[in-house]
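Protein chains in written order, with the working numbering: chain A, 44 to 509; chain B, 14 to 328; chain C, 308 to 516.
Treat the hints with care, since some could be wrong.
Stated by the list, open to error - Some chain C residues close to chain B (C-beta under 7 Å, calculated; not the full set):
{"id": "1", "residue": "D317"}
{"id": "2", "residue": "R405"}
{"id": "3", "residue": "A406"}
{"id": "4", "residue": "L407"}
{"id": "5", "residue": "A410"}
{"id": "6", "residue": "Q434"}
{"id": "7", "residue": "R435"}
{"id": "8", "residue": "F439"}
{"id": "9", "residue": "S445"}
{"id": "10", "residue": "D447"}
{"id": "11", "residue": "I450"}
Hints listed in this document are in silico derivations from the structure and should not be mistaken for laboratory results. Where a beta carbon is used, it is the ideal one built from N, C-alpha and C, also for glycine.
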Amino acid sequence: MDPIEIGLWVSGGLLLMVVLGMRVAFAAAMAGLVGLIWIFWSKKGMQWSELDWALTVAIKTAGQVPHSKVSSQTLSLIPTFILIGFLAYYAGLTRALFEAAKRWIAWLPGGLAVSTVFATAGFAAVSGASVATAAVFARIAIPEMLAIGYNKKFAAGVVAAGGTLASLIPPSAILVIYAIIVEQDVGKLLLAGFIPGAFSAIVYAVLIVGIATIWKSVGPPVSGFTWKQRFASLPAAMPIFAVVIIIIFFVYNPFGDAWGTPTEGGAVGAFIVFLMALYRGMRWAELKDALLETAKLTVMIFTIIWGVLIYVRFLGFADLPGAFADWISGLEASPILILVCILLAYAVLGMFMDAIGMLLLTLPVVYPAVMALNGGEFVSAADSAFGMSGPMCAIWFGILVVKMAEFCLITPPIGLNCFVVAGVRPDLSVQDVFKGVTPFFIADAVTIALLVAFPSIVLWLPSLAG
Amino acid sequence: TEWNASVWGKRRAFTEHVEKIAELVSEKTNGEFTINVSYGGLSKNSDNLDGISIGAFEMAQFCAGYHADKNRAITVLELPFLGVQNLEEEVAVSRAVYAHPAVAKEMAQWNAKMLMTSPMPQYNLVGTGEPRDTLESFDGMRVRATGGLGKAFETVGAVPTSVTSSEAYNAMESGVVDTVAFAQHAHLSFGTINKADWWTANLNPGTVNCPVVVNIDAYEALSDAEKEALDGSVDEALDHYLANYGELLNRWDAVLEEKGVEKVMFTPEVLAEFKSKAADPAREAWIKDMEAQGIPGQELYDLVVKTLEEKRASN
Amino acid sequence: MAGSSAVLEDGSLLSRIDKGLLRLETVFALVSGIAVFMLMVLAVWSVGGRKFFGTPLAGYVDWIEFAMPLIAIMGISYTQRNGGHVRMDILIGQLKGRALWAAETFSVVLIFILMLALIWGSWAHFQRSFDFAAPMWSRDSSIDIGLPIWPAKLIVPMAFTVLALRLLLQIWGYGRAFVLGLENPVAVPLVQSAAEQAMAEAEHLDGRD
Ligand code: NA
Ligand code: NA
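Next comes chain A alone, as it looks inside the complex:
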């Protein structure tokens, strides 16, 4: 059987295991292992005498992956950014942000939901991991929304969607991962995420206001806060700006002499939040809790990462990505149409894959194809298909892809954010959260369409950076 055929069979098997309720990480690893055995065995003509060899080689190949793939400096951002999220929770920052947002904007229709979106956007500026953001806000925002009669599914959907903002607004682990895969400037990419992230938040807010205006039952406004109360809520939320400024100075210093690399910026930000939490009275018992929570979420994410990467290793041997590249470059359609098709393909792929696994798997193939569509790495804006230079195209596509990856965090069947919200709120099933998050698919589709149609939303800020 030819490798691509094996690749398709094994991918089908993976889907089946996932649907049957096997833990996703282990289903992916199992599919990868079986696929490797199959492919090595078929290389020896499926002789019974060679099965032993194929088993050994496949098991040893798969056995390398957990250690070798998690031992990466880039990926070390993920636990750091999860820790920062939990520490910020214990420092009372999440609560303070939510409270401030509530007092200032909850008078809108669907006000608490809008407040949640802007609070998650604010929190995104210290948190680099979408799932962590969703986890902490599920604890804070959902009970408040339920208390005043919000639809439970909708409340959960708001948090799951709001959580995705953390990966566009810097700092962002996944943008760093993109930068590393395609070898582009990390600082500029992070900078580029800022406006599209804020833009996404606004689109979410408009959608919520619209829904709440039409269906009054979804979420009543909360009014009656005095201006005094409003201003009183600000100081507690202020420290977040200190952290944001520090991270900005690390990621990209507007005044020249910056302080460190983005990796270090994340860790220093976490340290400041840690000091703040200490000041707010966090002691060993709470710290231990935060560390255990961080460990649990980190291990869950990393198990998916290495599980998917065993599967990806098998795909590498099956050369499924290569087949895809050939297919794309053989198409005769306009570049923008192909780009839209690629983004749609990501939407479909994202339904079944974890975001990081999806980027790791596809970018080595898709990124060069997109760059070629635009006219190559060194093309000038004037000669290009999308009207932007090579490096700018890399940034633009990066933001689009990360937005797609964020989109896949809320799409069934494997939308990690929805799983996390359902996990934190045991009274909600995963299906409930998926139902509640459905309206936000539309918001994300609108955002992505606008980012494609008006690249300057993405490119304006990084182009200022020269």
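Using the hints, position chains B and C with the ligands against chain A.
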């Protein structure tokens, strides 16, 4: 026969000989023997020797400095200030060292057999600020240089600073490091040249050594004609690599001019002083360390020196 | 996915073994959390040392890569014990009684087989980096400061072995529930009723921020 070759990154000057040998082998055997070159799909770069040892793929490229303990013997080629001046000399010394029984024995532990080198130019520095052209000026310099090269700069007061190669540009921009040691193609592809004010044209502090190996069992299983096709294509593949890299080096001067990067030249006296401070103790320590482990360090080093002399005499 | 499933306890042998293993798993998970914390401290040290004292931390990247398996893998069994690894429960959520226990047993048996293979594979990965005859027993070292890598590689089969023990317990627990037709078996993660979960959640958040 169908082989897989595991390399990493994207197709570039550094992988051209692998592409070429795949092309030549297929041509010479009328498509009977093909080699698929995979860029990172089969293994992580630092695991390539493990993959060969397992038998997951039949051919792979790796760099000695990534994991010195896996390949102690060939780290002789990464000693600072060996005096290698160009890629042809790099090919000659690598070939001689690869043929040494101690190297073959160590590679056999990984079920690997040396095929050819991937000659890399010297890792000269790019830097920001005032050009550094004396030993004193290296004091306190924060340099991105790994392994033995980092140690060499340490002996003159510089501070080796760890950042990954993909963060090198960022580290330079943010002032985490003020100098970066890379080969030219890496200065171009990681963009460090865009941040540079100067480049050390003749410091030639050392380089990394990156062999291409094959799995011994797979090699033994080849037919005579296939073996002949593979072994017989090495020279041509390397010639192709050298020609291709040569074009890149020719372009280098133009790049420097275009970016306004100053060429820093060291006087022979400064170079000699640097060598005696950095290279001699490092070499002695290396030889002592190797001999203690039963690897003929002195012999390997002498072999490098002798090969260099012969190579120069023949030109 | 904290607290998403409850594990019942009683005085039976199975439950006592479960609690014993949980103690070990909690230590492993805490080690993982502390390693994340150290990662942060390491970065602050590295930045501070460079910025204020002109002495950057040698081998910063090497140390991070060394610590990552500790962070990413040590807690794997703790997460499995609490039902924390994500899954699709559209189908399995509809099952009840023996059908549910059969499905759960099948799933953990598959994972157990996978783990046996990966313990072998990751042990082989460790073995290739380990050499009794070499200095520091090292046959694989890091790029910058030459740290031996074998201890980091050894963490993987170690954590996987604990997970395999956990899976054996779960096979026992689910299998027992299947054979005896139990409703609320001990020592395995259960899907709680909404009310129970809300109470557990309220308790958990009590007194926090
Ligand atoms: Na963020
Ligand atoms: Na999804």
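Item checked: Evaluation of the interface hint that places L407 of chain C against chain B, nearest CB under 7 Å -> violated, 39 Å
Item checked: Cut-off 7 Å, beta-carbon criterion: hint that Q434 of chain C touches chain B -> This hint is violated: Q434 of chain C lies away from chain B, its Cβ roughly 10 Å from the closest one there, beyond 7 Å.
Notebook entry, point to check: Does the interface hint hold: is F439 of chain C within less than 7 Å of chain B, judged Cβ to Cβ?
Noted result: For F439 of chain C, the interface hint is violated, since the closest Cβ of chain B sits about 13 Å away, which is over 7 Å.
Checklist line | Interface hint status, S445 of chain C versus chain B (Cβ within 7 Å) | finding: holds, 5 Å
Margin query: Given a cut of 7 Å on the nearest C-beta pair, is the interface hint for I450 of chain C held or broken against chain B?
Written below: For I450 of chain C, the interface hint holds, since the closest Cβ of chain B sits about 5 Å away, which is under 7 Å.
Checklist line | Hinted contact A406 of chain C with chain B - closest CB pair below 7 Å | finding: With a closest approach of 40 Å, the A406 of chain C hint is violated.
Check: Does D317 of chain C pass the interface check with chain B, least Cβ-Cβ distance below 7 Å?
Finding: This interface hint is violated because 46 Å lies over the 7 Å limit.
Margin query: So, as I understand it, the hint says A410 of chain C touches chain B; can you test that by seeing if any CB pair is closer than 7 Å?
Written below: violated, 34 Å
Notebook entry, point to check: Given D447 of chain C as an interface hint, is the shortest Cβ-Cβ distance to chain B below 7 Å?
Noted result: Since chain B brings a Cβ to about 5 Å from D447 of chain C, closer than 7 Å, the hint holds.
Margin query: A closest beta-carbon separation below 7 Å is what the hint needs, so does R435 of chain C meet it against chain B?
Written below: OK, holds: R435 of chain C within 7 Å of chain B, min 6 Å.
Next item on the list: Would you settle whether the hint for R405 of chain C is holds or violated, based on the nearest Cβ-Cβ distance to chain B being less than 7 Å?
Entry: Violated: closest Cβ of chain B sits about 42 Å from R405 of chain C, beyond 7 Å.
Checked against the numbered hints above, the structure violates hints 1, 2, 3, 4, 5, 6, 8; every other hint is satisfied.
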